[in-house]
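Chains as they are written, first to last, in my numbering: chain A, 1 to 328; chain B, 1 to 215.
To be clear, the hints were calculated from the coordinates, so they are not data collected in a lab.
Warning: the hint list may mix true and false statements.
Stated by the list, open to error - No more than 25 Å apart at the CA atoms, straight line, and that leaves these computed lysine to any residue pairs for SDA-like:
(1) B:50 <-> A:30
(2) B:98 <-> A:122
(3) A:31 <-> A:117
(4) B:187 <-> A:223
(5) A:89 <-> B:76
(6) B:95 <-> A:121
(7) B:95 <-> A:120
(8) B:50 <-> A:8
(9) B:50 <-> A:197
(10) B:127 <-> A:143
(11) A:31 <-> B:42
(12) B:98 <-> A:121
(13) B:50 <-> B:33
(14) A:199 <-> B:27
(15) B:98 <-> B:65
(16) A:43 <-> A:321
(17) A:89 <-> B:65
(18) A:10 <-> B:51
(19) B:50 <-> A:14
(20) A:234 <-> A:264
Stated by the list, open to error - Just a few of them, taken from the derived set where beta-carbon distance is under 7 Å, the chain A residues facing chain B:
(21) 77
(22) 80
(23) 81
(24) 82
(25) 105
(26) 106
(27) 109
(28) 110
(29) 113
Glycine residues also receive a C-beta, built at the ideal position from the N, C-alpha and C atoms.
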Amino acid sequence: MKKIINEPTKVVSELLKGMELAHPELVYTEKLEVIARREKCNKVAVISGGGAGHEPAHAGYVGKGMLDAAISGNVFSSPSPDRIIEGIKQTDAGKGVLMVIKNYSGDIMNFGLAKDLAELEDIEVESVVVRDDVAVPDSTYSTGRRGIAGTVFVHKIAGAKAESGADLQEVKAAAEKAIANIRSMGMAMTPCILPAVGKPGFVLEENEIEIGMGIHGEPGVERTTVKTAKEVAKILLDKILVDYDFSNSEVALLVNGLGGTPLMELYILNKEVQELLAEQNIKVYKTLVGNYMTALDMSGCSITLMKLDDELKELLDAPCNTPGLTIN
Amino acid sequence: MGFQLTSKDYADYIRKTYELIYSKGDYITALDSATGDGDHWTNINMGFEKLVEVAEELEQKSVFEEFMQIGTIMMSVIGGSSGVLYGSAYLAAAKVLKEKESIGNEELCQVLDAMLQAIISRGNAQKGWKTMIDCLAPAVECYQACIAQGLDEKVTADQVKQAAIDGAESTRDMEAVRGRATYQANKGVGHLDPGAVTMSYQIATLMDFVKEHCE
Chain A
1 MKKIINEPTK
11 VVSELLKGME
21 LAHPELVYTE
31 KLEVIARREK
41 CNKVAVISGG
51 GAGHEPAHAG
61 YVGKGMLDAA
71 ISGNVFSSPS
81 PDRIIEGIKQ
91 TDAGKGVLMV
101 IKNYSGDIMN
111 FGLAKDLAEL
121 EDIEVESVVV
131 RDDVAVPDST
141 YSTGRRGIAG
151 TVFVHKIAGA
161 KAESGADLQE
171 VKAAAEKAIA
181 NIRSMGMAMT
191 PCILPAVGKP
201 GFVLEENEIE
211 IGMGIHGEPG
221 VERTTVKTAK
231 EVAKILLDKI
241 LVDYDFSNSE
251 VALLVNGLGG
261 TPLMELYILN
271 KEVQELLAEQ
281 NIKVYKTLVG
291 NYMTALDMSG
301 CSITLMKLDD
311 ELKELLDAPC
321 NTPGLTIN
Chain B
1 MGFQLTSKDY
11 ADYIRKTYEL
21 IYSKGDYITA
31 LDSATGDGDH
41 WTNINMGFEK
51 LVEVAEELEQ
61 KSVFEEFMQI
71 GTIMMSVIGG
81 SSGVLYGSAY
91 LAAAKVLKEK
101 ESIGNEELCQ
111 VLDAMLQAII
121 SRGNAQKGWK
131 TMIDCLAPAV
141 ECYQACIAQG
151 LDEKVTADQV
161 KQAAIDGAES
171 TRDMEAVRGR
181 ATYQANKGVG
191 HLDPGAVTMS
201 YQIATLMDFV
211 KEHCE
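Working from the sequences, and respecting the hints, build out all of it.
Following this line, the structure appears as structure tokens:
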């Protein structure tokens with residue numbers, strides 16, 4: 001294993017400390033692994049979190065216009081309720097807290113318990129669950145569809161709504177609307193190496209790729225031989241378009257890298273995806289290309305579409321300023 | 001006849017359980033590696049290690065506060081799914097013990113039942129899914145039946161212990177509904193569920209402990 005780390009047991013706290021040093025507007029709470037906006041805002045708080053290893057998610061989306069705090073677990077492992085409670089307490093300004101959770105069993109349970117504990121302390125907490133992955137109905141870690149890269153759009157929409165001064169139920173409704181209109185699908189070309197394990201968790205042969213693989217290396221739908229960018233775009237998009245009717249609509253498009261794929265390849269994929277969407281009469285209103293929700297050093301990609309209406313468009317365009325996404 | 005477990009007793013029980021779980025490291029890790037991530041023993045052992053570290057502090061508390069603290073520690077130290085399930089179990093059990101000074105036969109049965117219900121509801125899981133529920137549920141059912149029949153508390157302890165052990169053993173022939181084993185061709189059939197086995201260690205130790213404390 002070649003990695004720039006000190007000790008595998010310290011990767012999470014050291015990565016978050018490094019992030020705080022790079023972004024002084026964020027504050028890191030040691031041991032509880034919470035990254036929050038340094039200045040508490042007088043509005044509904046939006047928080048999220050999950051296992052580490054998906055950088056810039058989740059801490060990278062903390063900042064004006066998106067999250068108020070992100071809570072990190074260990075690598076690929078859900079944060080425990082005591083950490084989540086800390087995030088809730090740090091951000092609640094008396095107007096309630098919305099938790100954006102990805103559909104993984106550990107996250108659902110830990111955030112669920114944190115919500116119960118917060119309510120005992122009279123903090124109003126609501127939650128939404130992202131289930132955007134159309135690859136498989138269930139996964140190693142989830143009951144029902146996994147939540148993957150589309151979560152970034154949910155952070156953006158919920159964050160913008162909260163920033164506008166909306167109340168907790170309105171922020172939740174905006175997040176739910178985004179979730180209902182988002183679909184994603186991914187593929188992997190190489191496994192990733194967990195720092196604590198030191199070797200790949202599974203093997204893909206030199207000429208193999210796996211379609212529909214999750215962001216922790218959980219199994220997808222099929223293993224197949226290496227394809228061209230055009231073929232990959234078609235395989236992933238076809239599955240998304242069969243699942244949800246995006247025809248004659250405007251969409252936001254996210255071409256996401258899993259951490260080990262060069263931007264060159266993501267831009268090539270973007271070109272192919274956009275050509276296919278144009279053929280289907282689907283208009284791309286805004287495009288994001290890059291590493292937004294990664295799986296350590298896994299090479300591979302995912303494609304996410306969010307169908308837009310006037311409200312979602314306005315919230316998508318609202319300014320945000322975070323380490324992982326800036327919109328002016 | 002009968003027993004009343006104090007905070008000090010429960011802390012002693014935790015120490016005994018830690019010894020047993022610690023000694024079974026290689027066995028549990030091998031079970032888990034066959035069907036899962038291989039980290040179940042490491043996590044649960046870490047949880048009990050921490051509990052033993054703070055055991056003297058636990059002894060000073062009421063049983064309610066003791067259970068609350070055990071739940072909080074398990075949640076944060078064990079982490080992941082097991083941590084939150086054990087955490088929820090102990091927090092739910094704590095509610096049963098509110099304003100109680102010690103744990104008698106009926107309270108202990110209620111404690112185990114509260115734990116079972118919390119695990120079922122938090123994990124959104126059922127009996128027969130090859131999890132720790134398959135050990136805990138038969139133990140609780142057996143305990144409730146023993147109380148209904150008015151059985152002697154030592155006899156009850158023996159029967160509950162056996163029900164837990166048989167329950168863990170019953171996971172061998174089950175197909176996994178959750179977890180990594182779900183993706184294997186045989187869905188883990190032929191392998192014991194490591195979570196059910198570590199649960200059976202806890203119940204067996206508890207029942208032996210209860211027997212020792214029967215007057």
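Hint by hint, here is what the structure shows:
{"no.": "1", "hint": "B:50 <-> A:30", "result": "19 Å, holds"}
{"no.": "2", "hint": "B:98 <-> A:122", "result": "21 Å, holds"}
{"no.": "3", "hint": "A:31 <-> A:117", "result": "19 Å, holds"}
{"no.": "4", "hint": "B:187 <-> A:223", "result": "20 Å, holds"}
{"no.": "5", "hint": "A:89 <-> B:76", "result": "17 Å, holds"}
{"no.": "6", "hint": "B:95 <-> A:121", "result": "16 Å, holds"}
{"no.": "7", "hint": "B:95 <-> A:120", "result": "13 Å, holds"}
{"no.": "8", "hint": "B:50 <-> A:8", "result": "21 Å, holds"}
{"no.": "9", "hint": "B:50 <-> A:197", "result": "23 Å, holds"}
{"no.": "10", "hint": "B:127 <-> A:143", "result": "16 Å, holds"}
{"no.": "11", "hint": "A:31 <-> B:42", "result": "20 Å, holds"}
{"no.": "12", "hint": "B:98 <-> A:121", "result": "18 Å, holds"}
{"no.": "13", "hint": "B:50 <-> B:33", "result": "24 Å, holds"}
{"no.": "14", "hint": "A:199 <-> B:27", "result": "23 Å, holds"}
{"no.": "15", "hint": "B:98 <-> B:65", "result": "8 Å, holds"}
{"no.": "16", "hint": "A:43 <-> A:321", "result": "17 Å, holds"}
{"no.": "17", "hint": "A:89 <-> B:65", "result": "22 Å, holds"}
{"no.": "18", "hint": "A:10 <-> B:51", "result": "23 Å, holds"}
{"no.": "19", "hint": "B:50 <-> A:14", "result": "23 Å, holds"}
{"no.": "20", "hint": "A:234 <-> A:264", "result": "18 Å, holds"}
{"no.": "21", "hint": "77", "result": "5 Å, holds"}
{"no.": "22", "hint": "80", "result": "5 Å, holds"}
{"no.": "23", "hint": "81", "result": "5 Å, holds"}
{"no.": "24", "hint": "82", "result": "5 Å, holds"}
{"no.": "25", "hint": "105", "result": "6 Å, holds"}
{"no.": "26", "hint": "106", "result": "5 Å, holds"}
{"no.": "27", "hint": "109", "result": "4 Å, holds"}
{"no.": "28", "hint": "110", "result": "5 Å, holds"}
{"no.": "29", "hint": "113", "result": "5 Å, holds"}
Hint compliance for this structure: no hint is broken.
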